[in-house]
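> I would like the entire structure built from these sequences, with the hints used as guidance.
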Amino acid sequence: MSETIPPPSAASPSVNSAPPAPTLRELFAAFVLISLSGFGGVLAWSRRMLVEERRWMTAAEFNDAYALCQFLPGPNVVNLSVVFGRRIRGTAGAAVALVGLIGPPFVIVTLIGILYARFGEIAALQRMLLGVAAAAVGLVMGTCAKMAHPLFQDRLGIAPLIALATFASIGLLRWPLYGALAVLVPLSIAIAWLRR
Amino acid sequence: MKGDTLSTLAGYFALMSLFAIGGANSAVPEMQRVAVEVERWMTAREFTDAFALAQVTPGPNVIIVTLIGYHVAGLLGALVATAAMCGPTCVVAFYVGHVWERFRDAPWRAAIQAGLVPISIGLVAASAFVVAVGAAYNFAAIAVTAVTAAVSYATRLNPLWIFAAAGLLGLVGLLGP
Numbered sequence: 001m002s003e004t005i006p007p008p009s010a011a012s013p014s015v016n017s018a019p020p021a022p023t024l025r026e027l028f029a030a031f032v033l034i035s036l037s038g039f040g041g042v043l044a045w046s047r048r049m050l051v052e053e054r055r056w057m058t059a060a061e062f063n064d065a066y067a068l069c070q071f072l073p074g075p076n077v078v079n080l081s082v083v084f085g086r087r088i089r090g091t092a093g094a095a096v097a098l099v100g101l102i103g104p105p106f107v108i109v110t111l112i113g114i115l116y117a118r119f120g121e122i123a124a125l126q127r128m129l130l131g132v133a134a135a136a137v138g139l140v141m142g143t144c145a146k147m148a149h150p151l152f153q154d155r156l157g158i159a160p161l162i163a164l165a166t167f168a169s170i171g172l173l174r175w176p177l178y179g180a181l182a183v184l185v186p187l188s189i190a191i192a193w194l195r196r
Numbered sequence: 197m198k199g200d201t202l203s204t205l206a207g208y209f210a211l212m213s214l215f216a217i218g219g220a221n222s223a224v225p226e227m228q229r230v231a232v233e234v235e236r237w238m239t240a241r242e243f244t245d246a247f248a249l250a251q252v253t254p255g256p257n258v259i260i261v262t263l264i265g266y267h268v269a270g271l272l273g274a275l276v277a278t279a280a281m282c283g284p285t286c287v288v289a290f291y292v293g294h295v296w297e298r299f300r301d302a303p304w305r306a307a308i309q310a311g312l313v314p315i316s317i318g319l320v321a322a323s324a325f326v327v328a329v330g331a332a333y334n335f336a337a338i339a340v341t342a343v344t345a346a347v348s349y350a351t352r353l354n355p356l357w358i359f360a361a362a363g364l365l366g367l368v369g370l371l372g373p
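Chains A and B, in that order, give the protein sequences. Each residue of the first sequence is one higher than the last, beginning at 1 in the numbering used here. Each residue of the second sequence is one higher than the last, beginning at 197 in the numbering used here.
No wet-lab data here; the hints were simulated from the structure. Where hints are given, some of them may not hold.
Stretch by stretch, here's where chain B covers chain A in the computed footprint (C-beta under 8 Å, at least three residues) [claimed, not checked]:
#1 63-76
#2 96-109
#3 116-124
#4 148-160
On a predicted model such as this, the values are computed, not experimentally measured, just so you know. Here a beta-carbon is modelled for each residue, glycine too, at the ideal position from N, C-alpha and C.
Shown next, in the form of structure tokens:
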């Protein structure tokens, strides 16, 4: 595909007025870039691209859209691409942003899957993957620790308790997701409602 | 037979996508349970490998389902799994995103949002634990996990450097069999 991707600095610096709404092509290119530059999650990159570089959203608009996408189930950034794309360019915008975000990693990871199916048994590769897996887990733990910050502002300690119960039922006891969530989600929301 | 497998994949991931509170990583324990324990599509080792490969691929974490789908049913499986994991939640996002503004200040909205935060943190912690058990071959591997967790928590170092270093440690045989 011969998509022309503008350099990241194209819209900076010293532009005071909001730039014109992006075209479908620009939208697609932006989400391809977001997707390809994000390792271990792409939130930080989507903020950098949409807010700081292209200035298609203000920081407040981004926070609001992101809060919505965390609140919705499913992959957050995938949701974000759909919500943002629709706001900018309607249905076509949503489709273009989604395909831009998912398309490139889909192709890359499928190629990786083909290579793994063929060479996955090689001892050297297995040893290397052990190391990468150990680090990847650590990365998720670090992210989780950052996410957990707001929990400690709960003086009654109820939110940490719910997080712990979720962890124990899914992680330690290996209960099916749906059964555990059917109890924990209503409980947690009811408590939040009563404490509001 | 093949059609059966594809519809099974689609069913599992479509349902999972609607229960992945806080992001795709929240569904990793359920993916592991289904793929390794219930359907026996892959070994625990292969699942841990898929998780590692998905993490080093640029893009959203959700693409671990593409790898699982490919492993189970080839290219078609990859497509079906990815579409199933993204489809239902995209439809929800498409419609809810549009009316969201109207509920911005609704008290029930704030309660739901506050109630979901600890759940999503518990789910991500469970994901980390489930994969950590699969990756902890020896003391050195556990140390790599611990150091990565500390570094990613405390600094903004690009994780690619950590992945490269950890891969190298594994390659020279420090971390496992």
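> Hints first: check each against the structure and report whether it holds.
Structure-based check of each hint:
{"no.": "1", "hint": "63-76", "verdict": "holds (count 12)"}
{"no.": "2", "hint": "96-109", "verdict": "holds (count 8)"}
{"no.": "3", "hint": "116-124", "verdict": "holds (count 4)"}
{"no.": "4", "hint": "148-160", "verdict": "holds (count 5)"}
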